[in-house]
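Asker: Line by line, the protein sequences give chains A and B. The first sequence maps to residues 1328 to 1472 in the numbering used here. The second sequence maps to residues 99 to 616 in the numbering used here.
These aren't lab readings, by the way, just hints derived from the structure by calculation. Even glycine gets a Cβ: it sits at the ideal position worked out from N, Cα and C. Fair warning: there could be bad hints in the mix.
With a straight-line Cα cutoff of 35 angstroms, these simulated DSBU-like cross-link-like pairs (lysine-lysine) come out [claimed, not checked]:
#  : chain 1 : residue 1 : chain 2 : residue 2
1  : B       : K558      : A       : K1469
2  : A       : K1420     : B       : K137
3  : B       : K470      : B       : K541
4  : B       : K580      : A       : K1420
5  : A       : K1420     : A       : K1469
6  : B       : K580      : B       : K558
7  : B       : K580      : B       : K541
8  : B       : K470      : A       : K1469
9  : B       : K558      : B       : K541
10 : A       : K1427     : B       : K580
11 : A       : K1427     : B       : K137
12 : B       : K137      : B       : K558
13 : B       : K541      : A       : K1420
14 : A       : K1427     : A       : K1469
Counterexamples of contact, computed for chain B against chain A with all Cβ distances above 10 angstroms [unchecked claim]:
#  : residue
15 : C145
16 : L169
17 : R251
18 : G257
19 : Y263
20 : M275
21 : D363
22 : G390
23 : Q479
24 : V515
25 : L526
26 : G566
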Amino acid sequence: MSPVFDALDPVLRRHGYQAEALLEVLAAAQQIYGHLSPSLLRHVAGLLRLPLSRVQGTASFYHLFRLSPPPRHQCLVCTGTACHVQGAGLLFKALQTTLKQPWCELGSVRCIGSCSGGPLLVVDGDIWTHQTSATALAGLRKLEP
Amino acid sequence: MRSGLRFCTSTSCRSRGSEGLLQHCAAVARRGEAGLSVKGVGCLGPCSEGPLMVIDTEAGSRLMALEHSALESLPTELETTFSRGALIGWQPSGSREILPEEPFLALQRRLVLAQCGRIDPESLEEAEAAGAYLQLRRVLQENDPLAIIERVRRSGLRGRGGAGYPTGLKWAAVAAMPGDSKVVVCNADEGDPGAFMDRTVMEGDPHTLLEGMVIAAFAVGAERGWIYVRGEYPLAIERLRRGIEQARQSGWLGGSVGASGFRFDLELRVGAGAYVCGEETALIHSIEGRRGVPRPRPPFPAEQGVHGFPTLINNVETFANIPALLRLGLEAYGQGTKVFSLTGHVQRSGVVEVPMGTSLRTIVETMAGGPKNGHQIKAVQTGGPSGGCVPASHLDTPVDYESLRELGTIMGSGGMVVMDDTTDMVDLAAFFMAFCREESCGKCIPCRCGTVQLEILLRKLLAGQGTGSDLSQLESLCHTVKEASLCGLGQNAPNPVLSSLRHYRGDFLALLQRDRRP
């Protein structure tokens, strides 16, 4: 049996099942279900009367859509210019080698516009300013004692 | 003036704990006698000193930079200070006053950001009390769209998003198009790394942006509008949503704007992380719910934009200039201002709005306090991945569209990253190229493949394995990508490399020489 995606109905209704709302619908779907699974994309395609290829193609185009389930924690290194010149590249490399926990996904985010705190991390949506690999690792360990 | 405290609740100060501080102090105020107002406001400017707080008393306003220790002690201290009835002269422990005569504040001219940091961005009443929608009201009463376009044209206002196209001409082109269905779009996809001027406006004073958009819609005869905002800006999205809802409820958006019979409504579109969507044709596709891929122009958006309708696209700061421009009149508005987000290796960073034509030296050395101790400024980067560097020897350049272009960079949207002598210019060029490689949409070959090859060449040089022929290939490929790419992303991607080659060729040559060593 295919999974039910009832929670998305109000969002689709609010946008009148219009294809132009695809980005909004995908964003809402990801917020509700955590990621955009193949069956969820098929569901959206059906209700917006769009070819699956277009829905899949749009979902895979944008960085913020994720096609695989999210980890328990997410640690994003800001790789904006100001963070870069203050050592974000080195911080990212250091975390790549030291942060091996499967429960935490390491990634990068383009400038979040909070440059005076660089180099910084966005951990589960919170901004951690002036980080080094030591402070970052210590902070991350506290997330999963 | 009512006594009280204002806390900056924009992203930067929020990340330093301002929101919790605001809640605690608001609780103290609620327990005490009425009369103390405690509220959150938009960006106060010097972000690096945050969290920032303003103490308002009848004796004036004082901007305080708080240290980490103050996060704990401030609410308790407020309670005792306030019960004694006097905020005047209160110097919270762990705080330092930033005096209004300090250059960072004194040399600004705040037009776009006039109310940012003063009003509660979530309150329409406060915005209106500070003058929001007054210009829209006047425009509707005068009922002469062409006169507005003429005023905007004569002001010389140019697009603040990067390209600097004259705003009045753009408006006139859309207004002249036949048909009744026209569209106004605000490009709030502020993607350049190190740029957060538009975020500041949206978080700090959303109604000024909305007012500018509605005036533009009235001038060009548009019925529908969209604000396309970056998904990476959750707070700006929240504040815009609330602002749009408030404007609808009070009749500044909807079936009859300001009871004039003019109909205009707008929707928010939240981007999903694609730098190329800042390019106007890609942005149009994204609004329509498609992949954000650019297309050739013509047809220009003014002819065929969102859903094929004539479309006016301006960025946040451009729209936010409109109310100030109409309020002041041409003479007082003068050359206008530019908002910069000033970051990198400086003593004090944050958001500044300065008169157009201010010299880089004034901004970087006087206002931002110059380099960190023991270092020299090497370059100032403007225009993000589409721009370039101004070397320290040219710091006296005035900040305007032409002067920066002559130096091989652009004004861009307003990101200004200061770099000191620890910065490796070749590494920075590779950083920007990696950015463009990652953000290339892949539609046209020069950009899709060229950015990959250019990054490989730069990395090879950085590894000390480059030869003279690699360097000349780097240069010629830069020109190919620049000439042959479809949209602004590819056309401008080589700029940081070309600019570094122009001003810091020695840094590149030094990497070659390493190769010759035994």
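Asker: Beyond 10 angstroms from every chain A Cβ: check whether that's true for G257/B.
Answerer: 20 angstroms, holds
Asker: Checking a non-interface call: every C-beta of chain A should be farther than 10 angstroms from the C-beta of C145/B. Is that right?
Answerer: The claim breaks: C145/B does not keep its Cβ more than 10 angstroms from every Cβ of chain A (closest is about 4 angstroms).
Asker: Quick one, are K580/B and K541/B close enough, alpha carbons at most 35 angstroms?
Answerer: Holds: K580/B and K541/B sit about 15 angstroms apart, inside 35 angstroms.
Asker: Hey, K470/B versus K1469/A, does the alpha-carbon distance stay inside 35 angstroms?
Answerer: 33 angstroms, holds
Asker: Decide, holds or violated, for the assertion that all CB atoms of chain A are farther than 10 angstroms from the CB of L526/B.
Answerer: 7 angstroms, violated
Asker: Would you mind confirming whether the straight-line C-alpha gap from K470/B to K541/B stays at or under 35 angstroms?
Answerer: Outside the cut-off at roughly 43 angstroms; violated.
Asker: Taking 10 angstroms as the cut and beta carbons as the points, is M275/B off the interface with chain A?
Answerer: 21 angstroms, holds
Asker: Taking 35 angstroms as the top limit, are the C-alpha atoms of K558/B and K541/B close enough?
Answerer: With Cα atoms ~26 angstroms apart, K558/B and K541/B stay inside 35 angstroms; holds.
Asker: Assess, step by step, whether the Cα of K541/B is no farther than 35 angstroms from the Cα of K1420/A, and give holds or violated.
Answerer: 31 angstroms, holds
Asker: Measuring Cβ to Cβ, find out whether Q479/B lies farther than 10 angstroms from everything in chain A.
Answerer: Given a closest Cβ separation of 7 angstroms, the condition is violated.
Asker: Please check whether the beta-carbon of D363/B is more than 10 angstroms away from every beta-carbon in chain A.
Answerer: D363/B clear of chain A: closest Cβ-Cβ about 15 angstroms, beyond 10 angstroms.
Asker: For G566/B, which was marked as not at the interface, is the minimum beta-carbon distance to chain A over 10 angstroms?
Answerer: 27 angstroms, holds
Hint violations for this structure: numbers 1, 2, 3, 10, 11, 12, 15, 22, 23, 24, 25, all remaining hints satisfied.
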